[in-house]
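Based on these hints, arrange chain B on the given structure of chain A.
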Amino acid sequence: MNNWQLQLAKAITKIENLDFQALADAARLPLDDSSVHIIGVTGPPGGGKSTLCNQLIQGLAVSHKVAALLVDPSSPFSGGAILGDRIRMQALVSNPNVYIRSLSNRGNAGGVASSLVSILRLLMSYGFDYIVIETVGAGQSEVKIASIADTTLVVSVPNLGDDIQAFKSGILEIADIFVINKGDLPGADSLYTSLRESAQSQRQGWTPPLCQTVATAGLGIPELLAEIHRHGQWLGKENRLVEKRKLAAKFEVLELSRMLLQKHLDTVPAEVLARNLNRKDINLLQKLDDVYGELLNIFSEV
Amino acid sequence: MAPIRVLMAKPGLDGHDRGAKVVSRALRDAGMEVIYTGLRQSPEQIVLAAIQEDVDIIGLSCLSGAHNSLFPKVVDGLKAKGAGEIVVFGGGVIPEADIPGLLASGIAAVFTPGTSLEEIVSWVRKRVKNHHE
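One line per chain: the protein sequences are A and B, in this order.
Counting in my numbering, the first sequence runs from 1 upward without gaps.
Counting in my numbering, the second sequence runs from 1001 upward without gaps.
Extracted from the complex, chain A is given alone in its bound form (with noise of 0.2 angstroms):
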């Protein structure tokens, strides 16, 4: 039973490390299986993302497979990172059905990895009904997500702050479902009404539905997996969920080129980078009429 899962864990380490060959094998995977829902959780830090996240898998994984892919920050001064989302989860290791892998988002802003689109197309090959992602903890503007999922669940927790907070544009705008988590405590009422007015913003015929969730104790749960599987109806009409995909496939493209480029220009040896700098034909006080190509010039080895 585990064998599959010691070769899933392998390709998504190689891909993670943007193993070019690895790439290359994911890219010949399809992306357009529509039998796959790809569920996207988003939230500030501690406003219970990966408690949700374990009463959804645990909900889906009853009769479904579900993979999980749980994201969390690299640190900005050694490139390391500690993935601590798996604690919440606990029960769900044993589940035959349920695969969660950790990820680092390796210095990349906007809440998840770079390589999570490929990771996508492997998750879809092994067969898995549900893939649910879960981003780093976001503030206002970590909005790829909504270009990668199917459904995007922005969760809100009441306290933190006024009603002017749901007002401002960013996080709130992507939310395909509202959740207001930790829906116990006091000022969740007036979370729910501020709410109310950013869902009432129809985009393409569709508006945000709001669920309320106590997700420590599992309340709200069976109503928000309902909203889940409404939405995933919504999509497979009139091509949207093709839509989607594109978009995330897109991204997948952009967010490539960006790292294997960036790969590329840090195996320049410093040498050969700063002996191009010192050339005394790029003088880079003077007025430069080739920009782009002076700089691939301080890039390439001569």
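There are no misleading hints in this set.
Reference listing, derived: stretches of chain A covered by chain B, where coverage requires no fewer than 3 residues with Cβ under 8 angstroms from a Cβ of chain B: (1) 3-15; (2) 71-79; (3) 82-90; (4) 100-108.
Keep in mind the hints are simulated off the structure, nothing from the lab.
This one's a predicted model, so the numbers in the text were calculated from it and none came from an experiment.
C-beta atoms are modelled at their ideal positions from N, C-alpha and C, and glycine is treated no differently.
Leaving out everything else, chain B in the frame of chain A:
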């Protein structure tokens, strides 16, 4: 380019996780990706998590005195699932007299109180590097 991936786990029933957290931070500060799985893990849970996370190495912390029973079960479980190449090390309040037995059962190293973080970090680096070569 490829960071070392470490699973830090506390098998057994004691709730003393300060040591595991301090070591996790030191490994993070050394550029490693540390998956922290929290308290009260069974050896089976640790083995499954390590496989799903494709880690290079597992750190086990135990302060309850059950190390002789729990640590070798992790090593055996990894072997049984075809993941015997994952290195396992341990730490905690472990009597000197128990260490040779743990090493013989496949635990690669045991770090007791008073060990410097530098020593653990450099040992992990060296052990995983040797392993990859």
